[in-house]
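Undergrad: The chain contents come next:
Number of protein chains: 2
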Amino acid sequence: MPVYSVSHVENVRICVIMVGLPARGKSLIAQKIVRYLLWLSIKSKCFNVGSYRRLLTLREDTTFDFFDPENEAGLKVRQEAVNQAVKDMMKWFAEENGVVGILDATNSTRNRRSQLLKLCRENLIEPIFLELWCDDKDLILQNIADVKTTSPDYVDLDSEYATNDFLGRIKQYEKYYETMDLAADADLTFIKLVNVTSQIIVNRIESYLELRIVYYVMNLHIKPRSIWLSRHGESQYNLTGQIGGDLDLSERGWRYAKKLPELVLKSLGEEHKHTNLTVWTSTLKRTQQTASFLPYQKKLEWKALDELDAGECDGMTYEEIETEFPDDFKARDDNKYEYRYRGGESYRDIVIRLEPIIMELERQENILIITHQAVLRCLYAYFMNVPQEESPWMLIPLHTLIKLEPRAYLTLVLRIKADIPAVSTYKEKGTSQLGEGSVNEGSVKSRDLISNSAT
Amino acid sequence: MPVYSVSHVENVRICVIMVGLPARGKSLIAQKIVRYLLWLSIKSKCFNVGSYRRLLTLREDTTFDFFDPENEAGLKVRQEAVNQAVKDMMKWFAEENGVVGILDATNSTRNRRSQLLKLCRENLIEPIFLELWCDDKDLILQNIADVKTTSPDYVDLDSEYATNDFLGRIKQYEKYYETMDLAADADLTFIKLVNVTSQIIVNRIESYLELRIVYYVMNLHIKPRSIWLSRHGESQYNLTGQIGGDLDLSERGWRYAKKLPELVLKSLGEEHKHTNLTVWTSTLKRTQQTASFLPYQKKLEWKALDELDAGECDGMTYEEIETEFPDDFKARDDNKYEYRYRGGESYRDIVIRLEPIIMELERQENILIITHQAVLRCLYAYFMNVPQEESPWMLIPLHTLIKLEPRAYLTLVLRIKADIPAVSTYKEKGTSQLGEGSVNEGSVKSRDLISNSAT
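Residue numbers (full-length UniProt numbering), protein chains in the order written: chain B, 1 to 455; chain F, 1 to 455.
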């Protein structure tokens, strides 16, 4: 019997067809959806038509007039780019068992959309249109600023030139853009977001997975904010190498707790030092003790942030587990993401119970989370798009504050180490020994900036 | 630090103002929302204007022409009913710390709605309009049939007379009904459901709690279905009076597992014997063994259906807990819903982890759930509206199949006892002794039909 998870999808295959003028945030939303679904073990991929078009053209040939609907050469190239993207997507569905494919393009006309619709239906794929509609000028200018600095079409070009060219390109699309409409598109499955989530129109959403996507999108906002992550300070069990339990901080752990307010201030910088954070902890003493010197009024305790439940192994050291349950010890090393402790949890179980936390985090602004090694790995994996086979092995040392700053197409990461020693709780594959506190952080750091190209 | 739960609401107070013609399912949805929120410990109440109107009038004076907008006497009484309902609601917000009040009435005109809006704003209550719009004749006739048999306006009256009078009443409302509109009502927070959830329009939803309500409503469907609940068969630990663990069934437990397919068939009746159920179990062996003889192909395993985690008390008998942790034992008896086992869970914790299960159950059709005593109590409490102080004390014996059949305004309950003896796992307050297997079921049975009056 397979373990149920949020990823349970009953052979459904969905194609999310993005709809919207340039600079409406299509790529941003498409990439967020992919990241969220991958984190839930739902095989997803974004197919960006702009990237295909760039392979067929030179940058100097694609100034705004290239996008004129009267420009026949341009039209031909753009049609070819769509064809190739769609072909690759269909191949991915068929050969790689894709579940949610996202076609990231303007798909501006009913004619284009009905072609895609037909193609999906022929291939037994559920089409769902996701339109981003926006008439808020500030929002559009903000999106243009993001695209300018990240799109291969404009990177390294003069800023004013890029803005003007991009505005010219938008004008070309506006000539023939047809918005989704409850009357004209009554038979289609679609979501239309007006000015981010200020109005939402949902038509004929039926399957579980479609509704998950809709709900996720409804929770997004675009206000700038940061998320801080920290493990609790060193605990009594950390000192003895035992896992689990609900023990107090060690003397050095208390020192970290007292230092934490200063680290947070440092991460905020002088200009933002009065920013008000909300603090989330688990229900375990060591996270609450770590939070106890923080000057913020709003502190919330979540059971869902409790450490991975080690079941029968709770309170044991890795050496003891290796001796007492050698098969389990090996099984966990072989597939740490899926391995569930006897009477306890797996990393996959944690992801399922963290899902409402992620949803709430997307809604909130500045949150500081003090939690545990395995939970923090799963949260970090969500924000930084770390694959499942790597996330349980990530190095997240004690006495280190991590600040994540999600931007349009990348997440900035700042790590501040407190100058307070702590044991290492990092166990490498194939050994029951813990590290010496200075394990190579290379593989983590290389992921610290995730970036993706826009249209 | 208070324990975070889904019920966390940051001093928000919300008034859900229902909008819709008669027979659109307003009362049904209003009552479901209240039940869901109460289950999540969010203080909620429905104020049904029809009930207030009935206190002011005689039934024989309220035939359809009473609702004619030209009938001044009728108008006056109906305005008075609204006034009284709103007054009581405001009193409830102010004096009883209400969080979500629902005003269940047609609220057919912009004029009426703007009066309510003004009143809410004056009282610092967030107004959210929930319109049920429907032009599907079959759906309307089905709703009329429900109202006819349950509304005090029609109960015991001739069926044809009731239908005609009610259709007449709807016509009166149609004369001046104004639907919610994205243009005309652009400044209001509203949800409009068109033909149940076939189209959904969401305008200016901002707060967490508002979005929870929207998401819940989006998951509802009205197809007829049943839900079956059973505990696992008697387990080895049941025999020794120990709690928790992951042990096999006892010999009698296996007999129950073999009998279960027959009980399910019996509950389906001859006519529906080919109904295809989906079986959900926990990840623990005793529930999967109990499911193992069921002939249904789709069986899913949910970690969220695992038994309440007794933490340090896992594997102990109640006597042992009373001896070893006397203060905890007493604390649990004093407030069983809130008491969290050392390193384990409380009933409240279970409700939080069951919330996605409830959402999924609302979406699904025929589901048979095989789970554990505490989890089953929480699920049952949701469907049957059992208050928190009672739910942890409910009698849910072993070797008994429960079938719940949600109807418009009540849930039918069928309990089928297998003729296979089992120990009692029922512990009464103030003792560590388990019952003898034939505890008084009175207090449970009296709740077995929940019904509410419609408009």
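Incorrect hints may have been included.
Claimed, not checked - These stretches of chain F come out as covered by chain B in the derived footprint (C-beta under 8 Å, 3 or more residues):
{"hint": "1", "segment": "352-360"}
{"hint": "2", "segment": "389-398"}
What the hints assert, rightly or not - Below 30 Å or equal to it, Euclidean Cα-Cα: the simulated DSSO-like pairs (lysine-lysine) are:
{"hint": "3", "chain 1": "B", "residue 1": "LYS298", "chain 2": "F", "residue 2": "LYS285"}
{"hint": "4", "chain 1": "B", "residue 1": "LYS285", "chain 2": "F", "residue 2": "LYS32"}
{"hint": "5", "chain 1": "F", "residue 1": "LYS43", "chain 2": "B", "residue 2": "LYS303"}
{"hint": "6", "chain 1": "F", "residue 1": "LYS303", "chain 2": "B", "residue 2": "LYS429"}
{"hint": "7", "chain 1": "B", "residue 1": "LYS330", "chain 2": "F", "residue 2": "LYS336"}
Read the hints as simulated data drawn from the structure, not as lab findings. For every residue, glycine included, the Cβ atom is placed at its ideal position computed from N, Cα and C.
Undergrad: Are there three or more residues in the segment 389-398 of chain F whose C-beta lies within less than 8 Å of some C-beta in chain B?
TA: Violated: only 0 residues of the segment 389-398 of chain F have a Cβ under 8 Å from chain B.
Undergrad: Compare the distance between the alpha carbons of LYS43 of chain F and LYS303 of chain B with 30 Å, and conclude whether the hinted pair is satisfied.
TA: The hint holds at about 22 Å.
Undergrad: Please verify whether LYS285 of chain B and LYS32 of chain F have alpha carbons no more than 30 Å apart.
TA: violated, 37 Å
Undergrad: Test coverage of the segment 352-360 of chain F by chain B using CB-CB distances below 8 Å; three residues minimum.
TA: holds (count 5)
Undergrad: Take a quick look at whether LYS330 of chain B and LYS336 of chain F sit within 30 Å of each other, Cα to Cα.
TA: Distance of about 40 Å is beyond 30 Å: violated.
Undergrad: For the pair supplied as a hint, LYS303 of chain F and LYS429 of chain B, is the alpha-carbon distance within the 30 Å limit?
TA: holds, 26 Å
Undergrad: Given the proposed pairing of LYS298 of chain B with LYS285 of chain F, does the C-alpha separation stay at or below 30 Å?
TA: violated, 41 Å
Hint check: violations occur at hints 2, 3, 4, 7; the rest are consistent with the structure.
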